[in-house]
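Take these sequences, add in the hints, and give me the full structure.
As they're listed, the protein sequences go chains A and B.
Each residue of the first sequence is one higher than the one before, starting from 805 at the first, in this note's numbering.
Each residue of the second sequence is one higher than the one before, starting from 3 at the first, in this note's numbering.
Rather than coming from a laboratory, the hints here were simulated on the basis of the structure.
A virtual CB, placed ideally from N, CA and C, is assigned to each residue, including glycine.
Don't take each hint at face value.
To be verified - Dumping the calculated DMTMM-like pairs for lysine to aspartate or glutamate here, alpha-carbon to alpha-carbon at most 20 Å:
(1) A/K806 with B/D185
(2) A/K1025 with A/D1063
(3) A/K810 with B/D185
(4) A/K1110 with A/D855
(5) B/K70 with B/D138
(6) B/K219 with B/E425
To be verified - Which residues of chain B face chain A? A partial, calculated answer using Cβ under 8 Å:
(7) L8
(8) P186
(9) W461
(10) Y465
(11) I468
(12) F469
(13) L472
(14) L473
(15) G475
(16) W477
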Amino acid sequence: MKQFGKSALLFVAIGLLLYTGLFVATERLLLRNGHSNPFFKIATAEANDYDWVILGASHAMPFDFGDFNALMQRETGLRILNLAAQGTGPLYNRFVFEYFLRAHRTRNLLYVVDSFAFTSRTWNEDRFADAKLIRGTPFAPAIAWRLGRYVRRDGVDPRALLDYLSGFSKINNRDRFRRDAWEGEAQFNRVYRSSVTAVAQRIVYLYPDAGAPELCARYLKQFADVIGTAREHGIRVIAVKLPVPALFRERLPNEAAFDDAVRRVLTDQAVPLRDFSAALDNPNFYFDTDHLNRAGVTEAFQRLLKPLLMTPGGS
Amino acid sequence: MLFTSLDFFVFLPLVLAAFVFTPGAQRWAVLLLASYVFYGFAQPFNLAYLGAVTLVIFACGWGLERTKQRALRVGVFVVGLVAVLGSLTAFKFYDFFAGEVTRGNLLGGIKLPRLGVTAPAGYSFYAFSAASYLIDIYVGRLSGRQSLGKVALFTAYFPKIFAGPIERATNFLPQLLSGLRADPVRFALGLQLIGWGLFKKVVIADNLAPVVDHSFKIVAFAPPLELLIGAYFFAFQIYCDFSGYTDIALGISSLFGLNLMENFRRPYLSRNTAEFWAERWHISLGRWFRDYLYIPLGGSRAGGLRRAINVMLVFLVSGLWHAGLGYGVGWTFLVWGALNGAYQWAGLATRGLWRRVGEALPRVAASAWLRVLRIVVTFHLILLSWVFFRAGSMHDALLALQKIGTRITDLPHLLTIYPFSAEQLTGFGLIAFLLIFEIVDERRPVFQRLAEAPVALRWGAYYLGIFALLLLGRWQAKEFIYMQF
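Shown next as structure tokens:
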């Protein structure tokens, strides 16, 4: 029995060594193939100081597709880091922002507000356990420590921390040799053909808990915390609602009530809200039901965002 | 709770620890509590069904033991059997039958109400185990004086509850009476079995599944070669999925010092369909039907026609039993059963002929190439029946076979130009590995070879298996598929 125990211990020890080697190898692979994950962008950021950081969900991501972020930086002469990630609400964005501020600075924060991200655990607590997000996140003890805090304080699933610490999702990643890009980026040049059915299905998907106002209040508080954190670091905050097609916009559930609620939060914090949601109704500016394509981001940038980004100081 | 979930990897060590630190005579109680936690984890209400089945068979078992009057014994027996198997039939088929009656206007416009319930997870398996308990008591193979707790454990035992094997009380209960004890050798064997079962399930079966699903999703649009690949992949997917799960069940039981019956024995190396069903595929189910349906109907002692009817009846019932286990409920399962029954008929009808041929040409009969030919032919006969099992409807099954059949002569050329996906190539590689493993295992068990191999080789094989699980396995990780339209 003693011999069996010794053998078992040795087997486990060698296995752990091999696992560590595999863990290190997958981290190196991540650094080679990483792309759209916000923590990857922070880890590989060229500078420590930025003029603008963009946070939000997937509506903000097209501004970093292809070479568009470089174009925006060239045209404005500003350093911009887009940390938006698909399907992420204020809780996850707070997590990203806090980590960014650990070793970086920004003068301004542009927060892209989408009502769906404030209505469900799906886009907040549950996002932390998303294997796709975890496997694109480089390993850092500081991220692990922060994630632990979110598990303890904010109801995030402890399995997310276990997955991150063990690197399981990275090791088990079937797409380990592919670039970690959101599928939407491949459709950046596509022009979408409107479909009422598609929009209806999309709305159902984005708003799984549409009738739960207490959730919205919880995530508005998280949003206020993001602004508060920015304020503590002397960062100016501007909130925007990006353009979406009329067909999509008209079907958003309880949007007017959400707008009132978010305006109240922003007014309390003296943060301006720029509502561009109705600015680009032409469906040719979108590659699917609600995401801007190349023509759309170009138009939105030139007409809407560039003046905003280049305005010094106040609104 | 699934064997492949993180919850289970926390659950099992806890149960093991509790088991080890509990005195031997009470260890069965630890397993019983663990089994109820396991079964009720996702759907606590299902415990009500499990409890009801347990109480019914326990009460009827005691009743049969105490009752000497024949009429009363028959009554108790029938009540118990109808309660268990009748409820299984109702859960599985009532809604399907009600739908067909309504759709076909079979009752002159009368619409049968739908129950809107499906069988609780594992019901097909533990209902059969429960029925075998009652039958064995009725015929005198088992005493009805069993403790409620141990009967409850027999019914609920967590490694086997979801996917078998369909254990017999005559094998299971005596092991509890003698006290449960794990030893290092059986512990190591158990871990090996668990590892191999996990490999078959999450590496082989779950990597084949997306290709199969894609092929059979819309049969009308699938190219013939894709359907053919889908059919081959499904044959191995269902084997690895099912046998992987039962290997894990056997392995876990080894950790606790319990022996469950072997359920799969390299079925695709069968030389004929009789061997496939009797000795290699889902052995516990085959023996259940043999002992509790085929033999009571007369079995092989019955005359030619009667025997043929019995054989077909068993396979039709087997087809019905398989309905509702994850591939829907439909007429295709009856066709699947009938086809396999027809294979048995053909085997029985030609058995004499093959024996005479073998006697006339002994060297040919004993040759390896003939054995390979028989294995390949048997595999393809079974493969043909799997198309009905997997297809969503009779129409899809027949269409798939028609599309494959009409292009069969073009296949060699199509193979050279078809753009195989990475998933398909991975699938072929995994199937090739499985076949090589099983061919080696057929001659002498691989685990026995490993036990005799140098430590470095043995441990190397274990590490390869573990890291294959980590790198290639499709686990229960949550992935948000951020839909686009």
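*Against the earlier hints, flag every one the structure doesn't satisfy and list their numbers going up.*
Nothing - there is no hint that the structure violates, so all of them hold.
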